[in-house]
Amino acid sequence: MSSIDLPSTPKPSLTGFVLPIVAVAGAFFGLVTGSAKDSTLLGLVIGAVVGAALAYALVGYMPNRRLGRWVAIGLFAAIGILVGGFPGAVAGAAIGAVMGWITYWLSTGAYRHNVPIYYTAPQVLWHNSYLFICGLVFFFLIAPILTIMPLSFNAENFFTFTPEMLALDPAGYSLKHYRDFFTNPNWQQAMRNSVQIAPAATFISVSLGTLAAIGLSSEHVPFRRPIMAILISPMIVPLIISAAGMYFFYSRVGLQGTYLGVVLAHAALGIPFVIITVTATLVGFDNSLTRASANMGAGPVRTFFKVQMPLILPGVISGGLFAFITSFDEIVVVLFVGSAGQKTLPWQMFTGLREQISPTILAVASILVVISIALLSTVELLRRRSERLRGMSPG
Amino acid sequence: MSDGSDATNADGARRVSDSSDDGPVLAADGRPLKQSLQRALRRQKLRALGLIAPLLIFILVTFIAPIADMLFRSVENQIVSDTLPQTVQTLADWDPDSGELPGQEVFRDFYFDLAVAAQRKKHTQLGTRLNYELTGVSSLFRRSGRRIDDIGEVYMDQFEDLNAAWGEEMTWARLMGSEDWLQEQEAWNADAAAADEADRDFDRPLPAFEFGADVRAELPRTAAVFDEFAHYMRTDNQESVMEDEPWEVAYAALYEDLMANPDAAAAFSGENATILSEAADAVPKFQAVDYKAAILETEEGWSDPQVWATIQTFSPDYTTGYFLNAVDLQMTPDGIQAQPRDQQIYVLLFKRTLFMSLMIMGSCVVLGYPIAYLLSNLPLRESNMLMILVLLPFWTSLLVRTSAWKVLLQQQGVINDLLVWLGLVADDSRLVMINNQFGTIVAMTHILLPFMILPLYSVMKTIPPSYVRAAKSLGATNWTAFWRVYFPQSVPGIGAGCILVFILSIGYYITPELVGGTTGTFISNRIAYHISSSLNWGLAAALGSILLAVVLLLYWVYDKIVGIDNVSLG
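Heads up: the sequence lines are chains A and B, in that order. Just so it is clear: in the first sequence, position 104 is 104 by this note's numbering, and no numbers are missing. Just so it is clear: in the second sequence, position 540 is 540 by this note's numbering, and no numbers are missing.
Okay, chain B solo, but in the shape it has when bound (with noise of 0.2 angstroms):
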């Protein structure tokens, strides 16, 4: 019987007594014994889980949530058709196996979807997004940027040139918003200018933008790009659209949206409709801009199918590219092709990880074997006392660790200076035992050390010293004895040990990062790279999910072998 259910029983078995032989045994309250019972189970239950919630939920928030984003990263791909939103539809139809560019619709589009990513500084992302992928789209992107409001211009210039009314902030504001906003927005200006009058604080949200009925249908590319300003006026400049006059962009929209649809002012009233049809009758005659042709002009780079063609591979929400980049393959338009020879590093340095792990962990058998046998078949007392200078290190900061073996083999290091001393090495040919990969190996040898002894010795303290003094007695030698008897039953504590010891070198960063310069570095010493420096977030999120995938792999390994339950802290 359950341990926690003890009183319950107890207050049951005295009722059994109690209660007549026939029908279902009774609780003190009156219910079936059999209910009460599962009450009260249910009840512990849900104690338990209420006991353990707060820390589940801490623990899924600061630390599942943010391995469930790494791993999303490594995925996501939104970035394109976020910033090229209607290129990426209309590109969609284009058969990149032609050899031409994009037709004159693309080229439209994505000169709407470039002016507003460049006036919102996100246009520079991209650019590096897809430099990832194809080299020099990065500064295509930038360049391009700079130069795209010429465009714009053109229909800007013409507009104001057919009634200086569209040069006005407040012309734009009355034709794109609501009335109930206008109201809104007048009232904030108003206790704004108060308020700075008399010197006080005003920190009143500014009004969210809203459009007018019909303005979304009736010019809806002038609404799109508006859109964009007013959230771009509100969050950045923390300004209503009463404050500036919209982007070129704007008036390029105004014109493709009034070529479209030339009665578009009926659905307005008063003065706006009256503007509105002024510049729907002007529109026919205004000097008209070749996308294609000006968007050449601003970047030659974009005559390049190329570019198009990777803009459409990568234009989907999801993307495999970082996994296959972090593999040394790459996502082209024809299909998964290896990396340019040059740029193939991380398969080797994949390899490289598991080569120094597996070294890792072959030098701390050997040199962990001999301590844990001696450490489990000494007399406690004296075993206590050795076991502290197994448990000195183990405590020590990792840094602290790392800086002794710097100390230790730099070529002006102890040991350098030791040999010299001896005549061993010659002053002038100081061995190199730092910023290579036996450095690492040597610091990481001694760091992890103790993880292999640990377990070992635990393992051995419960083999009994009977089963080696019978084989003895029954005529092996030493040697067969140990290595017939006594090895095999030490197996479990070598793998436990070796598993543990492999799982924490492969994700090591320190102390390679320190001591292991150009050979020595490890895979994750890339992933830190990816993140801080080169900021390919996405890389290096694919990146660590491999890691994380064998990692989690050798604990399930290591679950099976030594079961995650037994794991001791020494």
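So that you can see chain A by itself, here it is in the shape it has in the complex (with noise of 0.2 angstroms):
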């Protein structure tokens, strides 16, 4: 643990390493503020002055961490007020958190915590950067979902962050584009359209794949590779030569442009995801069980539902998500095999891009995060059901 360590860390000196450091940051924000107001330079130097300033107040005069870091957010949030206002003083409080935390991060040495005490400054700086980096890859994953949700309650019709937004003013905030969503029938029947084509398709791909998932894990089944290979086709081929193909195709035999079409052919693109996890959840099935409720005199039909379907039911659950989030996502197929009778949310979304229409498509997207959040934390929660399960069940 790092409290057995900090003893024998050496202090960082705080003239030749901390203040020098923290002014660097301190110069930083002042070059951004400075820049954003016309006045680099002086932004620049006033910056490094307030950011050593700063540390050789807290270092020298702040022991304890926590009320040093709400006096460095006073502090900032005061400035901040001075130079910009409200929003000014929302942004200082954010500069100042991070410029306390570098502060006490710094002179405290918890900065050598998660290295070996042999590594020297440059091994130490190397592993410090890298997590920098790997913090801004971890930024370029999540802001841009997380950018257009505040964007979603804009007021106006724009696609981006408006002055009275950025001023923090409720006035710059809104639920119409909520509002229309549930009130516009182009969304609303965009809606209906997508809930009723996913729960079908997922109903036929989880059917069906179960059924085929357990007949391929039993121990002899001919052309096995074969047949897993076209079942897990679906996934393979790009979508839009599938959906080349099924739009020959059902437009030969008239499915083309129909609902029917529609859900089978989403059916199709689920059914490589039903399969690997279903067979994924089969591998670890104890095959005993289905003996020995077959020996107290069960049927086959009884054995399944009663002794395997439970058993297997998380990740027929996860295989059934995984099909409905393909059907309720998907859009090239749907494009090409559907018309506009069968127009789903995602083709609606796209159309809305196209067009640029209105920022209702952010709305729709924040709403469709959220789904997606409760999604993977329910299938994480299945995954460790199952596992659980699996550990619990004999041999």
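In short, the hints are calculated from the structure, not lab data. Incorrect hints may appear among the rest.
[What the hints assert, rightly or not] If you want the ones that stay clear, here's a sample from chain A, every Cβ over 10 angstroms from chain B, calculated:
1. Ala52
2. Ala53
3. Ala167
4. Ala171
5. Thr183
[Said to hold, decoys possible] Listed below are the simulated DMTMM-like cross-link pairs for lysine to aspartate or glutamate, each with C-alpha atoms no more than 20 angstroms apart in a straight line:
6. A:Lys176 with A:Glu164
7. B:Lys45 with A:Glu219
8. B:Lys461 with A:Glu380
9. B:Lys461 with A:Glu387
10. B:Lys34 with A:Glu219
[Said to hold, decoys possible] Which bits of chain B does chain A cover? Going by a derived footprint, with three or more residues having C-beta under 8 angstroms, they are:
11. 56 to 63
12. 407 to 421
13. 541 to 548
Glycine included, each C-beta is placed from N, C-alpha and C at the ideal position.
Combine both chains into one complex, guided by the hints.
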């Protein structure tokens, strides 16, 4: 634990190490603020001076970490108010939190906690830069998704932050795009179509997929590899090719532009996910359970529903969720196989994005993000439950 | 011993002790044990196949059949021989290198084919098809189709002047149809009229048209035209041939038949024989039409031998033409040649698709490797927390992520606003980051990054940390330990992730379509364009087939490196 290492960690020098680095950080924030106020150089100098002063004050006179950081936040928020009013205060508080954290992180030697004690300074520097780079990549992954959420509360019909929004003025925010989503007949029709198509497709893929997965996991299946390849193929073939083929073929047999056609196409796309998750669950399945059940007089159907099904249910449900989200998110195939009557939510978003109609898309996107968070947690819970169940199963 | 046959084995084993020492070991029912085991195994196989069968059939019908259909369409070319069946046959003997137009015969057959096609509105489709090969053919077919009936009218007027009965539907119906059909149709007409009077619904299907005996043999051309006419009336108009007189071209056909076979009337009886023999006597004195001159009159363009050469080149039922087009070549009467320079786009598009997929793959490795390394070396609790940050984008709708990038990157977007606010970029020179390659690469890197991180993570998780520690204890620096010991072990993960990302990106459609503009689009966007806008389905199918071949090849490689069975969903 770090508390044991702590005494042996050399205390970093204040003037030679902590002060300059905090000053650089301060200079950076000063530069940002300064350039926004058209006085770059001044901002840089003031930032460096304020940073160094803060570090000196905190390290010298504020041994209590928590208190020191609150002081830094308050101080910078006050500066923010002077510079830019209420939004300035918020930005200032954020900068203050970062500055306070950096100061204590450096001055207490916490920056060495995760590396072995024998690491040289460049190694420590490299380690921390590496963590910083990783942080940037995580930021790259998450930031775009998080950006659209506040934008969906935009009171204007813009795809960008308005000055009122940046000023945190309540007038800049509204629920009108959400209201539009729930009242606009186009969106409602799209929502209804999605809700009608996805469950039907999921039902087909789950029922057929589970049976086939059970068949595939038995020991003696002839041609297992080619069969598996065919069943997985909808996942492998690029969607545009599946869509093209389905468009040609379904218009030949009269399924193009029908509800049934879209459901069948989506069911085919969802099947690989069901097969993969259910066969993965069945790998750990103990076959002596079904034999025991047969031994006690249960028929195959009863054995399936009373013994096998409860045990593989987590796999089936997460396969079903995958299939559901595949259909719910799918756009390429429905764009070709469907007609205006089968316009789904992604399709409506696609047209909206193409024509830049209104930020209602962002409201829908935010709702979808919330839904996917819910689904993600469900799948994660199911996976844990499945592992627990398999751990408990005898054998 | 396999798991499934345990029950039978145990059963058999008990028998072994019971049975006498000599002779084959018997199972409970008195069969030899070996046979009994085999039977159980067979039953098990059948049961497994029975469970798989419904899904297999489902996938074959809903997915594999469409793919096969697409492959078929990429070489299919039946439209030429379907629309111009006679012309294609007579044109086969024509030598395109002679520099002369085909003979009178070809023009005659072409007239009959085109007149029928024009009535059935199929000539414009053929024109569109041939226009892919020779620009201008489409308008040729369209304009000629509008005026082609003038030729038949010459004969129609002469027949009707000879005997007004030729202008009546029933004359034709009686002449062409069989007795059975006539009776059946009369009965149907009577029933329909009765139903109409009583205001009842009447939905009995029309009886199928049937030719009288010898009609096909004696009057082949007329029968061919009338067959098309009957089919057209039945399917497109839901009427019998008794409702309308045949197309003008039928009169021309009858003229040709009677000229070729003046004794045709002998095979008919009653009224039919009278009217036919009357006509047969009269036709030699009819004013004849010079088909070649008449067709050239409908449209000047037919005097270009190039047009006929193109029809001849594309008359086979199957063609490699679409595939050649897909790689910027074209099949001309003089062999395979490069497309005109301004139409060479597909090789460029394929190259661009490959280049951008490689860029996306590269940036995914660069961004994904540190993350996967971090995740696999952190304690489980922390790495699970961070894993959520990777899985959330993975689970978020593709359109949500694409719209996010659109919002961020556009000229009035968040990033540009931020840069302008900071004073790094002037307000009037905002960066163009969307609708070009940059936008596509950034957005797709973000979208595909989880597909790189997850396989990398699962491989790195299996690398024992003790190897790196051993290397360090033997005196390796951090870098050497990483580069010589850790990195080589993580290469399978890089390979798996790269192939996965590459395969996914070369087939991507939605994101390039939305953020790619004109310079950032992929081959898939062109496929979609040919399906929905230009309607050149054959070319779309050929492009799709090439793409599919590339993807399957890559998957084969993936299977060799990682194994398809190891596909995991994170």
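Using a Cβ cutoff of 8 angstroms, are there at least 3 residues of the region 541 to 548 of chain B near chain A, or does the coverage claim fail? holds (count 4)
If you draw a straight line from the CA of Lys34 of chain B to the CA of Glu219 of chain A, is it 20 angstroms or shorter? 19 angstroms, holds
Nearest-CB test (10 angstroms) between chain B and Thr183 of chain A: Non-interface label stands for Thr183 of chain A: nearest chain B Cβ at 21 angstroms, farther than 10 angstroms.
Lys45 of chain B and Glu219 of chain A: Cα distance at most 20 angstroms? 9 angstroms, holds
Just want to verify: Ala167 of chain A was marked as not at the interface with chain B; is every Cβ pair farther apart than 10 angstroms? 13 angstroms, holds
Check the hint pairing Lys461 of chain B with Glu387 of chain A against an upper bound of 20 angstroms on the C-alpha distance. Within the cut-off at roughly 18 angstroms; holds.
Coverage of the region 407 to 421 of chain B by chain A, judged on three or more residues with CB within 8 angstroms: holds (count 8)
Take a quick look at whether Lys461 of chain B and Glu380 of chain A sit within 20 angstroms of each other, Cα to Cα. Holds, because 19 angstroms separates the two Cα atoms, which is no more than 20 angstroms.
Outside-interface status for Ala52 of chain A - nearest CB in chain B farther than 10 angstroms: 23 angstroms, holds
Would you assess whether Ala171 of chain A, listed as outside the interface, keeps its beta-carbon beyond 10 angstroms of every beta-carbon in chain B? 19 angstroms, holds
Proximity test - 8 angstroms, beta-carbon atoms, the region 56 to 63 of chain B to chain A, at least three hits: holds (count 6)
Check the hint pairing Lys176 of chain A with Glu164 of chain A against an upper bound of 20 angstroms on the C-alpha distance. 16 angstroms, holds
Violated hints are absent here; each numbered hint is respected by the structure.
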